[in-house]
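Chemist: If you want the building blocks of each chain, they are given just below.
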Amino acid sequence: MSPSPAGETPLVLVEDLEVHFPVRKGLFGRTTDVVRAVDGVSFTLGRGRTLALVGESGSGKSTTGYAVMGMERPTGGRVAIDGIDRATMTDAQAREATRRMQIVFQDPASALNPRMRVGDCIAEPLRIHGIGTRASRADRVAELLELVGLSPGAATRLPRDFSGGQRQRVVIARALALEPEVIVCDEAVSALDVSIQSQILNLLLALQERLGLAYLFISHDLSVVRHIADDIAVMQHGRIVEAGPVDTVFAAPSSPYTRALIDAVPRLERATRVG
Amino acid sequence: MSEAIEPVLEVADLRVRIGETDVVDGIDLAIAPGETLALVGESGCGKSLTALALIGLLPEAARRVGGEIRLSGERIDTMSERAMNRIRGGRIGMIFQEPVASLDPLMTVGGQIAEALALAGPVSPREARERAVAMLDHVGITKPELRVDQYPFELSGGMCQRVMIAMAMIRRPSLLVADEPTTALDVTIQAQILRLMADLRAETGAAVLLITHDMGVVAETAERIAVMYAGRVVETGRVADVFAAPRHPYTALLMRTIPRLVGARKVALPAIAGSVPDVAGWPRGCRFAPRCPLATDRCRAEAPPLDPVGAPGQRAACWHTDRVPEIAA
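Heads up: the sequence lines are chains A and B, in that order.
Plus 3 on top of the position in the first sequence (first one is 1) and you've got the working numbering.
Plus 165 on top of the position in the second sequence (first one is 1) and you've got the working numbering.
By construction, these hints were calculated from the structure, which means they are not laboratory data.
C-beta: ideal position from N, C-alpha, C; glycine also.
Just so you know, not all the hints are guaranteed correct.
Claimed, not checked - Derived CB-CB ranges, DEER-like:
#: 1; chain 1: A; residue 1: 102; chain 2: B; residue 2: 445; range: 37 to 45 Å
#: 2; chain 1: B; residue 1: 249; chain 2: A; residue 2: 152; range: 19 to 27 Å
#: 3; chain 1: B; residue 1: 473; chain 2: A; residue 2: 242; range: 49 to 57 Å
#: 4; chain 1: A; residue 1: 123; chain 2: B; residue 2: 186; range: 46 to 54 Å
#: 5; chain 1: B; residue 1: 429; chain 2: A; residue 2: 242; range: 25 to 33 Å
#: 6; chain 1: B; residue 1: 429; chain 2: A; residue 2: 149; range: 41 to 49 Å
#: 7; chain 1: B; residue 1: 170; chain 2: A; residue 2: 51; range: 55 to 63 Å
#: 8; chain 1: A; residue 1: 250; chain 2: B; residue 2: 492; range: 24 to 32 Å
Unchecked claim - Heads up, incomplete: computed chain A residues facing chain B, CB under 7 Å, no partners named:
#: 9; residue: 59
#: 10; residue: 198
#: 11; residue: 226
#: 12; residue: 227
#: 13; residue: 263
#: 14; residue: 267
#: 15; residue: 269
#: 16; residue: 270
#: 17; residue: 271
Please build the complete structure, drawing on both the sequences and the hints.
Modeler: Next up, the structure:
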């Protein structure tokens, strides 16, 4: 899907991914059924690219993202990071994969420890990975705050001192601390007000340009996806029903489901027809 | 809105106070029969508190400290709690964002609709059930005679919102207050619910106050819009006029900053600098001034009135409405 030169290993490879959840019922917790949350999904994500996974609730898009992150164990298929299969990674390789991939969730308030100063929160991944000294970590925090458009003075304040948009900047700064190559954005701008949403989208675009980041952008919002992504994969019932470059898919969707999704988006342009 | 028709809802100088601050700071609204007015704005602008004040359901920390509210000409802001109880669910229907949370989890769908009916006076269980089934059918729920005996957890979010609409509309209210009715729903379900609301409005002639943050939803469902910012209406008018030629800088910038299904991709969106000010830090003068590219000393000192400008019925609260087209491009 992402155009990668022949022979180049994709940063993220997902092949026939399955994540099935058992449904247990009754006194002895017998497995009576399975929910096929992800049911045979394949895609690649190249360096510096943005692939959007879109779909409605229950489509499996978030579960796919979690499996890519290693937060959800696949029941079938495989996820490979830079050519190394997640299932056969050594501990050291798994740690390295964790460093290279970060995730940003929808709700910045719950992603931050309310009692931890913003600077400590951003430095935490560095501390956990044993990177740098206290002093060098403080320098890195200042650098990261600046990168996401916050003042270095923010480091000593608590999350409650910040607005929702600023908190999402803090979350992004923390995600950038370990210099990842991939950020999984799970509805990362969905809870933000429109004027703040565009600021964060601009930030994500600028960071990609500057740092060469790849995004796996999970979203239900087709207008946002069209704006930020290079490629799109439309999911329904755990499967990809359509995939391709954003321009192509939006101009001429081949799947009736994609067509229905695009048609259902309320449009500003239709205001002229009202009244 | 034509002057000759008496508005269903008329609100003058509504004020809601939390602590020392008027978080709803003098709002005027009017909605004609069969008309949808969209009240839009970002979180904390006061749009939901405005709606709750209208129906007398403000949270404990907030109190109405001024304003007159008329329903078909009759003052309702001075009514007793008992009288308001009769109006809610009767002449005023309400639907909220979280349909599943808004329904009683321990009561069947039919039971809840029957309860809404019973507020108007005694109905036999058999009649209540029949009318509930008919109403469920009317709001597009398949197998209504089966669904009527089910509990909310057995229904999808979209179906629960249809049940909420059935409850809100069964007594044919003259005013429907809908607070982010489709925000929690998937986009294809949202389109269905908006269509259902439009059909019911056309059928009953109800006036609709639609609270939303989604300008796309406004474009597709409302005739008129009132844009709120930090407790005040900053612009109002016909949706087509306001969207085609906004005259308040906030509206103009909002319209430009929203990603669309047309136009350039992967480029920086024209962003609005800064963030919505905290209630405690609302500036004097125009509250949008700190974020406004057109702001002058006058804006920072003196709050502009919501004056007529542009198309008929359009008003904007800005000292520099003549310069707004420059930033609306």
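Chemist: Could one say that the CB atoms of residue 473/B and residue 242/A fall in the range 49 to 57 Å?
Modeler: holds (55 Å)
Chemist: Range hint 24 to 32 Å: satisfied by the CB atoms of residue 250/A and residue 492/B?
Modeler: For residue 250/A and residue 492/B the Cβ distance comes to about 29 Å; the hint holds.
Chemist: Should the interface hint for residue 198/A be scored as holding, given a Cβ-Cβ cut-off of 7 Å against chain B?
Modeler: holds (4 Å)
Chemist: Given residue 267/A as an interface hint, is its Cβ closer than 7 Å to any Cβ of chain B?
Modeler: holds (4 Å)
Chemist: So, as I understand it, the hint says residue 226/A touches chain B; can you test that by seeing if any CB pair is closer than 7 Å?
Modeler: holds (5 Å)
Chemist: Does residue 270/A pass the interface hint, meaning its C-beta sits closer than 7 Å to a C-beta of chain B?
Modeler: holds (6 Å)
Chemist: Minimum Cβ distance from residue 269/A to chain B below 7 Å?
Modeler: Cβ of residue 269/A sits 3 Å from chain B, so the hint holds.
Chemist: Return the status of the interface hint for residue 271/A: holds when the least beta-carbon distance to chain B is below 7 Å, violated otherwise.
Modeler: holds (5 Å)
Chemist: Tell me if the beta carbons of residue 429/B and residue 242/A are separated by a distance inside 25 to 33 Å.
Modeler: holds (32 Å)
Chemist: Quick one: are residue 170/B and residue 51/A within 55 to 63 Å, going by C-beta?
Modeler: Holds - the Cβ-Cβ distance for residue 170/B and residue 51/A, about 59 Å, lies within 55 to 63 Å.
Chemist: Between residue 249/B and residue 152/A, is the Cβ distance one that fits in 19 to 27 Å?
Modeler: violated (47 Å)
Chemist: Does the beta carbon distance between residue 429/B and residue 149/A stay inside 41 to 49 Å, or does it fall outside?
Modeler: violated (28 Å)
Hint compliance for this structure: hints 2, 4, 6 are not met, and every other hint is.
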